[in-house]
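K.L.:
Same order as they appear, the protein sequences are chains P, W and S. For the first sequence, our numbering gives the first residue as 614, with consecutive numbering after it. For the second sequence, our numbering gives the first residue as 32, with consecutive numbering after it. For the third sequence, our numbering gives the first residue as 267, with consecutive numbering after it.
Don't read these hints as lab results, they were simulated from the structure. Every residue gets a Cβ at the ideal spot worked out from N, C-alpha and C, and that includes glycine. You may find that some hints are simply not true.
[Unchecked claim] Distance windows between CB atoms, simulated: (1) S:F337 / W:P400: 29 to 37 Å; (2) S:F851 / W:E519: 38 to 46 Å; (3) S:I898 / W:W306: 51 to 59 Å.
[Stated by the list, open to error] Listed next, the in silico EDC-like pairs over lysine to aspartate or glutamate satisfying Cα-Cα at most 20 Å (straight line): (4) S:K771 / S:D476; (5) S:K433 / W:E391; (6) S:K324 / S:E338; (7) S:K433 / W:D472; (8) S:K290 / W:D472; (9) W:K397 / S:D829.
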Amino acid sequence: MIPMEHYLIVSTLMFFIGIYGFITRKNMIAMLISLELVINAVDINFIVFNRYLFPGQLEGMFFTLFSIAITAAETTVALAIIINVYRKIGNVNVGNINKMKN
Amino acid sequence: MNILSLFVLVPLLMMLFLFASKNMQQIRTVMVTGASALLVLAATLTIMFIQQRAISTDEMLFVDSIVWYAPLNIAYAVGVDGISVVMIVLSSIIVFTGVFSSWNMNMAKEYFLWYCLLSIGVFGFFISIDLFTMFLFYEVALIPMYLLIGLWGTGRKEYSAMKLTLMLMGGSAFLMIGIIGIYYFSGHATMNLLEIANNLHIPIEAQRWLFPATFLGFGVLGALFPFHTWSPDGHASAPTAVSMLHAGVLMKLGGYGCFRVAMYLMPEAAHELGWIFLILTGISVVYGALGAVVQTDLKYINAYSSVSHCGLVLFAILMMNQTAMTGAIMQMLSHGLMTALFFALIGLIYGRTHTRDIREMGGLMKIMPFAAMCYVIAGLASLGLPGLSGFVAEMTIFVGAFQHADLFHRILTIAACCSIVITAVYILRTVGKILYGPVQDQHHIGLPDAKWYEKVSTVGLIVAIAAIGMYPFGVSEIISNSLLPIIEKLTI
Amino acid sequence: MEYSLLILITPFVLFLLLGLTGHKMKPNVAGIIGTTGMALAAILSYTIAFQYFFGVGKVDGVFQQIIPINFEWLRFTDNLHIDLGILLDPISVMMLVVITTVSLMVHLYSLAYMHGEKGFQRYYAFLSLFSFSMLGLVVATNIFQMYIFWELVGVSSYSLIGFYYTKPSAVAASKKAFIVTRFADLGFLVGILLLSFYTKTFDFATLTADNASLVVNSTAGASFLGLSVAAWATALIFMGGAGKSAMFPLHIWLPDAMEGPTPVSALIHAATMVVAGVYLVARLFPVYFFSAPEVLTMIAYIGVFTALFAAVIAITQTDIKRVLAFSTISQIALMMAALGVSGFGGHDGLGYMASMFHLFTHAFFKALLFLGAGSVIHAVHSNDMRDMGRLHKYMPISSITFFIACLAIAGIPPFSGFFSKDEILVAAFHHDKVIFYAILVSAGLTAFYMFRLYFNIFWGKEKTYTEHHKPHESPWLMTFPLVFLAILSCTTGLFDFSEFISPDKMPFATHIDWTIAGMAIAVAVIGITVATILYAKGSDKPAQMAKSLGRFYTATLNKFYLDEVWMFITQSVIFKMICEPIRWFDRNVIDGSMNGLAWVTQKSSSAIKGLQSGQVQFYAWVFVAGSIVIAILVLFCKV
């Protein structure tokens, strides 16, 4: 059996790559993808901890399923917003979306 | 139905009718009817009060209380004594005359809606005997001020409105602390003034910081030095009727509150710390008068004179004897009426000449004799001519204050007396400059004299001023009798 | 004697009537109503005087204080309350007669003098107001009632001085008069407060009863800055009187007050209001005498100094009304000085009696002088004596009545001024020789400047008058008061005043001391002779003398620069050094600190505002960084 640490290393890498991407990318789609990475890293953690620490229970699994469903919905909404933003201002650069601020 | 609640209800009804009214005609009808109703109501209240007073020995009459938030013991509690009755009469006179002074407002409907809300706050404040309800009405009276000045004002109106509101709000922050403190330290059982004063006791350690907080909180509204600077700017920008209400009634809220909350509930601290505020008010009196001497804007002159006169109110309250306090209340009444008259006339003059700078005016006596005569009368009332209200009030204060056993208090009184000379200087300077002499600006020739509605408002105020000045006995009796329980508490 | 109230009510009702509805009346109607009302008040006063002096007033040889009406007007404490009432005693009844008589004459005179003026009705309304206030002042039962009417006469005087309100000089003069007297009234008020604090009463009768024992006892031992409290109180009250009665250095308003219509000057600024200060001291005389004799001495010296000072200035003035104004100051100062040198009981009370006597006679001859001057001004349309000369042949009645008045004021027997001035001199002689000689000198100066005035107006050199402005005698409405007052000036001196007025209210006998009277007459004759030599023919000797006096002459002409001194104090010290800095301080420091508070709030918020940029990535970065910091803290610090 693969030790738990391997999974955790993968998820940690995914998490920080996601964070890095979220902070540095200007493209909103790239930011969304980075966000997905972060969420998926967390999902992996849930499953891993569930499987290794509490093998008799299923809460972690269910939580992950929920999370996936909600992420799907969220991505849809986000993409819809991004598309609309694109239609309005012609690009998806996050720095340019400041109409509501000014 | 308690007669006192009617004072809140009538303006509310006026607001409802205002919503329904469609043109200027209807708006004016609603306002005049409502304001007259308030006037009649105030007269009725006075008569009923005098009758009741004769048979009842209660401190407050027409007492009524409805709990509206039980967990914190907040109630809508009303009741009046002679002092509140006098204040209510004053407010109703000013609200009435104010309507005539804002006869031709643009956006009249909105204006009068706020105007009614303001009067709800004012009347509510004077009838409440529950600390929280009092505070609530106090805020209700302050907020419309911002819009009334900010929207209908002149000059740097946004700045002035903001300054006025923020400074007064700053004051009410202190007040809020004070009220919560009073509630908490008196054993968090009730917010009712009477019960706190008569049955509960606030420990002196708490009083030491609650007293300054409440006194300062109300003092800001009473234009206490050095928190008076909202007054010149605020008055200068406010429309006529708002200035009238503000100087005439709203500034009285400060004096009344200082007296009703700070002094009444915390007499020990008043004795201990009164001298600090006494010095501040003494400065207000002389400083305001000296400040008025060199101003050139009519409204600024009047605002500084208000600082001086309202300073005298707080000064007399802090003297803590019956005569001086009677004088303080009479001074509130008298100052309310005469500044209202001043502002009504300044509005009238400004509406015609489009300037308030005294250097640009002259010889108005020839152009608009009626208004000019009224201005002279207002001036004479302000400098304390016997036969008009100012004299009675000031003399009661001076004589009362001078009866104080302490030499320090007596010397301060003499210092305050000096203000009557300075008042004469700035009043006569203004009168001489704008009313007498040759006509300064040729464009002013042919300007019309006061219209009928302006005459209603000025004559109404003059009659009230002269009535108090000629026959002060009745007013002073009502006030000084009501002061007895308070004086009893203060002489410990 | 309740009907004495009518004396007060009549002018008050007239004031309301003329003030409120006057502008709807024809001018003449308003004038006639006013005059009739005043005549009624005058008749009532005469009745009262007759009834009082020869009837009810004297009980067992002592004049009583009768208070027919007194009601509480405003209560301060149980002891201190302002009452309004009527107090009849010898001096107040005497004043009633003086005021109503002069006022009636002025009312009559003004019908012609003010004819055709704009605001004729307003003029009569204010005259009525003044009469009301002045009458209320003299019959006051307590010191606060006096203060009330004191202020009211001040305001009526203000309104009447500024009657020609389009003339800047009149406005300035009225303002000056009001403010200077107001400043003095501050002293009066503080004096009242002090006195009432110790005695717990405002009532004249209580204050002066039993040789003012109440004041003496209650203030015993109390002192402030080395002076007894009683002295402070009475000195401050005297300050009020000094302001109204134009004592040095508060006299500066009176000459300027001549900007008002001439009949007003006659009534207010010569005969009645300006003697209010003397009346006040006389009213409180027992208090002064028994509790603060040092103040009385001070009053005597201030009086004498003012008398001399004003007489010197009067010599050089060329505006005829100003000469009369300075002469008024000088004469009132004599009355003050007489009070100052007075004793109390029996013949010692001569000074008091003399003061009231002089007040009485002076009222008539000075009113006559002013009305005569008005008649001249009416004819010549100028106030300046250099525009006048040889008017005797155009206006004989004015000239003769003016001459009589001049003789009266100079103190030539048998005219009234001689008798009253003689009593003053006798009183001073027995009290203090310095004061006596000073008064004698001022009497000589008075004779000189009055005849200088007289000769310059009615004799001297003929001036060229334009054809349509040929001077002419005034109409009978103006000459009748002149003649009437001239008769009074001749006869009033013959009254035996000491039979009626004395400090202890007990009559005493006086006789003319012919040594002193002789000196007084000699001095007066010298003054008149010098004036005759210099001015009767219109020579140029006066101009040469003026030149030889140089500096001193200029200083006198400019009233010893006192106006400039006061101007400096008000304009440069009070306005520039106090008020302007206060304005600056208020705008910049106090308001500045409020605005500064707002500014700090605004700045700090905009400094923080940058953090709330709306940049999600920045938020995420901070969030992550924060998390890391917390994680490190938790891991390594193990708090």
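K.L.:
Is the hinted range of 38 to 46 Å satisfied by the C-beta distance from F851 (chain S) to E519 (chain W)?
P.N.:
holds (41 Å)
K.L.:
For the pair supplied as a hint, K290 (chain S) and D472 (chain W), is the alpha-carbon distance within the 20 Å limit?
P.N.:
violated (29 Å)
K.L.:
Sort out whether D476 (chain S) lies within 20 Å of K771 (chain S), counting only the CA atoms.
P.N.:
Holds, at roughly 12 Å.
K.L.:
Hint check: K433 (chain S) vs D472 (chain W), CA-CA at most 20 Å. Holds or violated?
P.N.:
OK: K433 (chain S) and D472 (chain W) at ~16 Å, within 20 Å.
K.L.:
May I ask you to test the hint 29 to 37 Å on the CB atoms belonging to F337 (chain S) and P400 (chain W)?
P.N.:
For P400 (chain W) against F337 (chain S), whose Cβ atoms are near 36 Å apart, the range 29 to 37 Å holds.
K.L.:
Tell me if the straight-line CA distance from K433 (chain S) to E391 (chain W) falls inside 20 Å.
P.N.:
It holds: about 17 Å lies between the C-alpha atoms, which stays within 20 Å.
K.L.:
Next pair to validate is K397 (chain W) with D829 (chain S); report whether the Cα-Cα distance is within 20 Å.
P.N.:
violated (30 Å)
K.L.:
Starting from the range 51 to 59 Å, see whether the pair I898 (chain S) and W306 (chain W) falls in it by beta-carbon distance.
P.N.:
holds (57 Å)
K.L.:
Measure nothing beyond the straight line between the CA atoms of K324 (chain S) and E338 (chain S); if it is 20 Å or shorter, mark the hint as holding.
P.N.:
violated (27 Å)
Consistency note: the structure conflicts with the earlier hints numbered 6, 8 and 9.
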